[in-house]
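Trainee: As a plain string of letters, each chain reads:
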Amino acid sequence: LAKTTQPISMDSYEGQEVNITCSHNNIATNDYITWYQQFPSQGPRFIIQGYKTKVTNEVASLFIPADRKSSTLSLPRVSLSDTAVYYCLVGDLNDMRFGAGTRLTVKP
Amino acid sequence: DTGVSQDPRHKITKRGQNVTFRCDPISEHNRLYWYRQTLGQGPEFLTYFQNEAQLEKSRLLSDRFSAERPKGSFSTLEIQRTEQGDSAMYLCASSLLAGVQETQYFGPGTRLLVL
Numbered sequence: 002l003a004k005t006t007q008p009i010s011m012d013s014y015e016g017q018e019v020n021i022t023c024s025h026n027n028i029a030t031n032d033y034i035t036w037y038q039q040f041p042s043q044g045p046r047f048i049i050q051g052y053k054t055k056v057t058n059e060v061a062s063l064f065i066p067a068d069r070k071s072s073t074l075s076l077p078r079v080s081l082s083d084t085a086v087y088y089c090l091v092g093d094l095n096d097m098r099f100g101a102g103t104r105l106t107v108k109p
Numbered sequence: 003d004t005g006v007s008q009d010p011r012h013k014i015t016k017r018g019q020n021v022t023f024r025c026d027p028i029s030e031h032n033r034l035y036w037y038r039q040t041l042g043q044g045p046e047f048l049t050y051f052q053n054e055a056q057l058e059k060s061r062l063l064s065d066r067f068s069a070e071r072p073k074g075s076f077s078t079l080e081i082q083r084t085e086q087g088d089s090a091m092y093l094c095a096s097s098l099l100a101g102v103q104e105t106q107y108f109g110p111g112t113r114l115l116v117l
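Quick mapping for you: the protein sequence lines, in order, are chains L and S. Take the position in the first sequence, starting the count at 1, then add 1; the result is the number in the numbering used here. Take the position in the second sequence, starting the count at 1, then add 2; the result is the number in the numbering used here.
No lab work stands behind these hints, which were simulated from the structure alone. Fair warning: there could be bad hints in the mix.
Ranges of calculated distance between the beta carbons of each label pair, as one might list FRET restraints [what the hints assert, rightly or not]:
no.	chain 1	residue 1	chain 2	residue 2	range
1	S	I14	L	Q17	38 to 44 Å
2	S	L117	L	Y52	44 to 50 Å
3	L	Y14	S	P72	49 to 55 Å
4	L	V56	S	E85	38 to 44 Å
5	S	A55	L	Q43	27 to 33 Å
6	L	Q43	S	T15	18 to 24 Å
7	L	K55	S	L63	38 to 44 Å
Computed, partial: chain S to chain L, Cβ under 10 Å [stated by the list, open to error]:
no.	residue
8	Y37
9	Q39
10	L93
11	C94
12	T105
Where a beta carbon is used, it is the ideal one built from N, C-alpha and C, also for glycine.
So here's chain S without its partners, still in its complex pose (with noise of 0.2 Å):
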C-alpha cells in the first residue's frame, strides 16, 4: 500500500453514461498524476495538478475526459458520454516534488470496463 488510493477499485457501466473517479493522495504531496492503461501496454499520460494547479492537460484524450483538484487535495477524473474504448485501467499517482527530484507514487487504480 502505497498511500495513494482510489475509489471505485473496479466500474462497469454503459455506453453513454457519464462516470467519475476519485483519487485520494499522500497527504503531504503536492503533485497528482492521471494515467490510463490498456491491456499489455504500459500507462498513459493523461494530466497533471501541482496543488489545485492544472498544469498540463493537453495529453488529455478527448474533451469528455476532464479533471479536477478542488483544494490541491483529493482528485477527479470524469469521463463523459463513455464510450467501449474508454474501458482501462485509470492510475492516479502523488509525488512531493523536490528539487529536480521526484518519484511518483500510485494508487492501485480504478478498473473501468464500458459496455
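Excised from the complex, chain L in its bound form (with noise of 0.2 Å):
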C-alpha cells in the first residue's frame, strides 16, 4: 500500500475554500485514492474517491495531478461543522491503513 503523507493540522475560517494536499509517491497504477472525514466519537464518512484528472460531489472536490504523485481534497466555502480529521488513503482496500489525518479546524 502506497504510503501517504499529510498535514498533522490546519486552521480555516468559515466561507473559505480549504484544501488539504496528500503525498503518496508510489501509489500503484491500479491505486484509487479515496478521501475520509471523521467526527470525534463516530466512523470515517465516505467523502470523494478518483483515479485521475478531477472529481466533485456535492460536498467535494478531488484534484490529481497526471503523475497521481499527489492528490488535494478542496471543500468549498467550509462551515464550522466541517471542523474534523481528513484521511487520505491510497491502494489496495484490503490493506488499508490510515495516517493520522489532518485536524482541520474551522473557525467564526
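Quick one: dock chain against chain with the hints and give me the complex.
Mentor: Structure below.
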C-alpha cells in the first residue's frame, strides 16, 4: 500500500475554501485515492474517491495531477461543522492503512 | 447514517472478561472489515471477510481476538481475556467490491473501556 503524507493540522475560517494535499509517491497503477472525514466518536465517513484528473461531488472536489503522486481535497466554503479529521487513503482496500490524518479546525 | 450498524455502542468491562461486538453491514455488501482506533490515531485494520470467508486475519492484534461472519451476513468480533490496552473504538465497515473499485462505509463504532 502506498504510503501517504498529509499535514497534521490546518486552520481555516468560515466561508473559505480549504485545500488539503496528500502525497503518495509510490502509488500503483491500479490504486484509487479515497478521502474520509471523521468526527469525534463517529466512524469515518466517505467523502470522495478518484483515479485521475478531477472528481467533484456535492461536498468536495478531488484534484489529481497527471503523475498521480499527490492529490488535493478541496472543500468549498467551509463551515464550523466541517471541523473534523480528514484521511487520505491510497491503494488496495484489502490493506487499508490510515495515517493520523489532517485535523481541520474551522473558526468563526 | 451509512446503513452499517454496530452493537453495542459502548461497553465497559473488567479486565479478564470476554466481550463480543456485532456488526450488521449494508445488506448487499459482500465485504466486511474490522478496525480498531485509539485516541488521536487513525483506524487500524484488523481483519476482513468476503462473504463468509475470512481472507485476512494476520493483523488481528493477538490470539485473544477472533472474528466470524456466519452465512456472510452480520459479523462478530470477540476479545477474550480483555486487557486495559484493549480499550479503544472498534469500527466495522462494509463494501461492495466491483472490479478494482471499492468504497468502504463505516458504522458508528463500539467504544470499549476495560477497567
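Trainee: The structure should be examined with respect to each hint, and the outcome stated for every one.
Mentor: Hint-by-hint comparison with the structure:
1. Separated by about 41 Å at the C-beta atoms, I14 of chain S and Q17 of chain L satisfy the suggested range of 38 to 44 Å.
2. Taking the beta carbon of each, L117 of chain S and Y52 of chain L are about 47 Å apart, inside 44 to 50 Å as hinted.
3. Taking the beta carbon of each, Y14 of chain L and P72 of chain S are about 50 Å apart, inside 49 to 55 Å as hinted.
4. Separation of V56 of chain L from E85 of chain S is about 43 Å and conforms to the stated range, judged on CB atoms against 38 to 44 Å.
5. Distance hint check: the CB atoms of A55 of chain S and Q43 of chain L are about 29 Å apart, consistent with the given range 27 to 33 Å.
6. Hint check: Q43 of chain L to T15 of chain S, Cβ distance near 22 Å, so the stated range 18 to 24 Å holds.
7. For K55 of chain L and L63 of chain S, the hinted distance range of 38 to 44 Å is satisfied, since their beta carbons lie about 39 Å from each other.
8. Of the supplied interface hints, the one on Y37 of chain S holds, with its beta-carbon coming within about 8 Å of a beta-carbon of chain L, less than 10 Å.
9. Hint on Q39 of chain S holds. Least Cβ distance to chain L is approximately 8 Å, under the 10 Å limit.
10. For L93 of chain S, the shortest C-beta to C-beta distance to chain L is roughly 5 Å, which falls under 10 Å, so the interface hint holds.
11. A least Cβ separation of about 8 Å between C94 of chain S and chain L falls short of the 10 Å threshold, and the interface hint therefore holds.
12. Checking T105 of chain S against chain L by beta carbon gives a least distance of about 5 Å; that is within 10 Å, so the hint holds.
Violated hints for the displayed structure: none, as all numbered hints are satisfied.
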